[in-house]
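Colleague: Residues per chain, in single letters:
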Amino acid sequence: MQARLLLEDGTLFTGKSFGAEGEFTGEVVFNTGVTGYQEVVSDPSYYGQIVTMTYPLIGNYGISRDDFESLVPSIHGLVVRRYEPIPSNWRAQYSLGELLKEHGIPGISDIDTRMLTRKIRQNGTMKGIITTSAKSVEELKAMMDTVCVQELHNQVASTSTTHLYHNPGMKERIVLVDFGAKNGILRQLNQRGCDVVIVPHDTTAEEIRRLNPDGIQLSNGPGDPKDVPHAVKMIAELLGEFPIFGICLGHQLLSLACGADTEKLKFGHRGGNHPVKELATGRCYITSQNHGYAVKESSIAGTELEITHINNNDKTIEGVRHKKYPAFSVQYHPEASPGPQDNNYLFDQFLEMIREHKQNNPQKSRQAEMMAAAKGEL
Amino acid sequence: MPINKDLKKILVIGSGPIVIGQAAEFDYAGTQACQALKEEGVEVVLINSNPATIMTDTNMADKVYIEPITLDFVTQIIRQERPDGLLPTLGGQTGLNMAVELARAGVLERENVKLLGTQLTSIEKAEDRDLFRELMRELDQPVPESTIITTVEEALRFADEIGYPVIVRPAYTLGGTGGGICATEAELKETVASGIRYSPIGQCLIEKSIAGMKEIEYEVMRDANDNCIVVCNMENFDPVGVHTGDSIVLAPSQTLSDREYQMLRSASLKIIRALNIEGGCNVQFALDPQSFQYYVIEVNPRVSRSSALASKATGYPIAKMAAKIALGYTLDEIVNPVTGQTYACFEPTLDYIVSKIPRWPFDKFVHANRKLGTQMKATGEVMAIGRTFEESIHKAVRSLEIGTHRLYLKGTESLSQETLEQRLVQADDERLFLIAEAFRRGYKLQQIQDLTKIDWWFLDKIERLVQFEAKIASEPALTYETLYEAKRLGFTDRAIAELRAAGQPGGTHLTEESVTHFRKEHNLRPVYKMVDTCAAEFEASTPYYYSTYETENEVVQSEKEKIVVLGSGPIRIGQGIEFDYSTVHAVWAIQKAGYEAVIINNNPETVSTDFNTSDRLYFEPLFFEDVMNVIEEEKPVGVIVQFGGQTAINLAAPLQAAGVRIIGTSLESIDEAEDRKKFEALLSRLQIAQPKGSTVTSVDEAVGTAQSLGYPVLVRPSYVLGGRAMEIVYSDQELLKYMEEAVNINPQHPVLIDRYMLGKEVEVDAICDGETVLIPGIMEHIERAGVHSGDSIAVYPPQHVSDELKNKIADITIKIARELKTVGLVNIQFVIYNNEVYVIEVNPRSSRTVPFLSKVTNIPMANVATQCILGTKLKDLGYTDGLWPEADYVSVKVPVFSFAKLRRVEPTLGPEMKSTGEVMGRDPQYAKALYKGLVGAGMRIPATGAIIATVADKDKEEAVEILRGFSRLGYKIMATGGTAAALQAANIHVTTVNKLSEGSPNILDMIRNGEAHFVINTLTKGKEPERDGFRIRREAVENGVVCMTSLDTVRALLDMLESINFSSQAMPVL
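Protein chains in written order, with my numbering: chain A, 49 to 426; chain B, 104 to 1173.
With the rest of the complex left out, here is chain A (with noise of 0.2 Å):
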């Protein structure tokens, strides 16, 4: 079947369907991993993307059941080259292809999908529309228009869980708050035995206290930071008082609360090839990386924030430390998954750091204060 893929800059590409039928808009990004696309499709944080993948063969070893980031898949599309529908994988359980139809995104193959990354590049990010009718033009244009606004700024709750669950550990205590979280995070803290609470989006401050964690996990998500307001009322009520680790949305999301400042990039960084720089040792690290907008370096100044990592080859912002307290945040994904396992060290950062926090703050044992309250002597 025919699809076709309208830019708001007018430009059509023809090609062919390998996903679900009707329209869909979308934000078009490029990601230029070559492996990782079931990750990538069911990150989140794509969430209202219409993702082109860089590399020409899509689908080559199907889908398997343990790499998705999240089960429910909510990217607006998906633009390949050169769709494969027959997968080869000892994992592989059904085809890339039955997966978008499942879940009802369209998929369009057998366009110029570096001409595609080019426009990207040098217009940046637009808008688009996926479709596999027979609308005009100009039905496509007025519809792109007028979904897409609705959409794009309520990007955060669209993938959030709506309520609080547990992921039972025998270790640390932490809450991972649900920005449109990616499994691997959750795998990440699993494998260190960390006893998991995640909430949604828009737990409060004091609902987060209840839960008396040892640490904050901010996840990743999609979007503008600033769509989400109440997240930073959170983290600044809670800064200092438990430790906190941000993970992309969540690193800007800690940034706007010590009071700095984000932007929109030109197209992003979206691929697992990122060099990032440690400015305290001078090493680069290979970072896996999804996002559109960064944290602005020239709102760092008059913050309690310190540059902590730096991109190596656009300079942005790649990590920030609190200078006071314990919380640390990064724009790249060391999670990986999809992407390079280099980074996984910073899970165990966290951990240090929450030990370090506890033997500093010991917490007090609320055993005598029960008492005293139920036999009334408070």
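The set of hints was computed from the structure by calculation and includes no laboratory data. It is possible that part of the hints are untrue.
Unchecked claim - Computed list of lysine-lysine pairs in BS3-like fashion (alpha-carbon distance at most 25 Å, straight line):
| # | chain 1 | residue 1 | chain 2 | residue 2 |
| --- | --- | --- | --- | --- |
| 1 | A | Lys344 | A | Lys363 |
| 2 | B | Lys111 | A | Lys64 |
| 3 | B | Lys863 | B | Lys795 |
| 4 | B | Lys108 | B | Lys141 |
| 5 | B | Lys863 | B | Lys911 |
| 6 | A | Lys64 | B | Lys590 |
Computed from a predicted model, the values in this text were never measured in an experiment.
Following the hints, position chain B against chain A.
Modeller: For chain B alone, coordinates are given in the frame of chain A:
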């Protein structure tokens, strides 16, 4: 970290001659490294024995030594030059082994030379099997069950324990020399025995076979600050069991999910960190197709063939970065030269599929065992880039120049089912085509998977291509939709026409021209995409392109006039690195003349396909359609074909017919030199003598002609390259046998018969601007006519040619070059017989000897020739007609062979070329130059030792006199019956050894036991391998004993030994 200021002078070791397993990729790596070091203001001293390299051009390093890469010579250079550091990791296994030798001999410490890139302990850990396994255990990296053995008995015991099949890997050898997979005890015995001999430390690894698993490679880099990146990963089409150098390889991997990719990536980084490598490293894995289980197969702690491929596949210049890292830079400081704005510390990402297919020498060595295993056999490789697997593999297939341009090989349809299945199981060079054939016969994918163990993904692609072929063939009229799809899958217009002609004899578009016309009517043309390391994420300015059928064309045209230079494709016997050398020089000359130089080539190993070499690089097949597409895109003012060997010459006629302007010697002149009849007419017009001969079209005619010319005669099919299928025959019987086996004679395929003149061969390369003819030098061949010029030892200036003859040769050269209206280079081969000069062959193009002669005469011949092609006159460059004054130094070019790697190949020198590479020896004295040449070529020359001789009756008289000389020098002479008798009769002390039929210990045992340093064996008759002589020669080759099959070589060796050694003679009695 900034540059280490203590490193002011660095010694770089090259990789020496081209042999199987170590080819042009190290010229590419070495050239990049030298340039990178010089850029940083470091003084570079280079040693490499191979003159046919760009890296040994005197402008590549501050001091260039073309000397043997042996402990003695390198030590002497170190003493002379006193370098601060030694960079051995860019010279292949040769460089690395030399570094180990220098370190072990204490030279580095004594002379205070720092080893750069990889430390000795790391080299040992990666190369010594035991240390390697220990390291893997420490790192928790799985390796297959294995043991180290030094005797055959140990090997048998271990194999009994773990079960067959097992793999034998000799320690410290390149290209897996002497190794193999063994399924039986007998096979194991044989392989281990040879493996122990080949390993310089007499050690082999016996390993449980993991054949059938996926083979995956990672190219990794690390700097002193412990920053690590993966440049590229690659997946082999052929599962574990076939040497990676003999495997079809795809980049990036196709069937790995992100989890598998990252698992192996993390393992690679762990390994390079543990080895503390500062530079590049290659890690090979076997991955179970049904689980996450993997094994580390091998680690190369240096730049390798795979890194050259990875560099070309991604655009990321690994060797250059490795050199900068060796100086102390870290990856995050080095700018990515492709984008100019990002840094080298990132991982390239591809938005295309790269295919590599090896090029094997089996077209030359028809008797060779073409089965593929753990010992590499390919001489070269091609690479292709496409946006689909199908497009990529199709391009690679037609780059091979093996007479096909799609997944079809003539003759495969007549194979029996049994043979077909056997050959699917046991891989050989044609397996890709056999898989396609099996699908054509209706085999199911699962059946083929069971036989080949190749991943379904690849097999499915081939099956669908075969199905698509059927679709093209079955359409009553070719539709645009089918054509469009076919082009996107990489089918050529010629393939489409062929398929249609076969399927629809009365249908449409049955010729290539009509398909092309139809395609152009619909404006269906390829676009060109850029290789930019980053999948278009950043703007790049690298002029490195490949074609595909899509929407956007990225080529930005410039105002400047352009010249296209056609490269020479994959390295094969007869067309080696020498042609790439000339191509690169031509490009430089074009640029200097103010044009833009455009290269079309498909060999990933070479300097010509470094995107820095030309203004635009098109990584494309040297196939008419692909070349025409580039020409239509670039609209050059001219196309140069004379530097790309026969590959480019063969394209001249179709290109000119399509209206392309060929510059340099005209097509008519090329034809005049190559067409037998026209050439004969030319020579007789000029009254130049040539060996008598004629063209025959039937067996009867052949016998009649041979008889009238008188035996021996030289026979060969018309119009072939490099003496292919050429033989000297001595009788009617031999002639008939040749006619039956080697050629399929008929009026369309005539055979040439020439009188064979047993004289001295001489070779000339000349440059002509159409008027003036400059002859930089004459080369004398040590081996007499009958030995292919590429396999002869060549000496410049000639040592045994009179001035009168030299002048005669010069006169003839001038006459021929002028008559052919040569513009550019011309190569002429002569034979001197009874003081008369005969012309054997004229090649109106760049030849194999151009780099050698350029270096020894100091005339940059390819450069000067290019200037002539562009219109400059030799007179304006200060050159005059005739022979250039001879140099003071004597230079000797010695061929190097790879017989040890090719089982069942006849090592005797003959009219068919067999050498894979060359070295140069240079000295004021001829004898010393020859010594250096022979030593550089790998010959061990003891001051005294033992010789085993067994020569044909016709050679006995001559041999006796030569052996007398060796005897006088104190060599022990051993000989078989007839030869021994002749020696005894001449009063030479000789020990008689048993022939093969005379029981043990016989001559083979003596060779095997290392009791002889040289074997002299001349060919009797016949070519069947079962003959004794053949077994003797093979035994010598496989045991690393020098085997000489031409008495001329022996005499040269004797002359040399006589002048550098003393002999003793009693006082004459009065």
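Colleague: Are the hints correct? Go through all of them and say.
Modeller: How the hints compare with the structure:
For the hint linking lysine 344(A) to lysine 363(A), the alpha-carbon distance of about 11 Å falls within 25 Å, and the restraint holds. The hinted pair formed by lysine 111(B) and lysine 64(A) fails the criterion: a straight-line CA distance of about 60 Å is larger than 25 Å. With a CA separation close to 17 Å, the supplied pair lysine 863(B) and lysine 795(B) stays within the 25 Å bound. Taken as a hint, the lysine 108(B) and lysine 141(B) pair is honoured in the structure, with Cα atoms around 14 Å apart against an allowance of 25 Å.
With a CA separation close to 15 Å, the supplied pair lysine 863(B) and lysine 911(B) stays within the 25 Å bound. Of the supplied pair hints, the one linking lysine 64(A) and lysine 590(B) holds, its CA atoms being roughly 17 Å apart against a limit of 25 Å.
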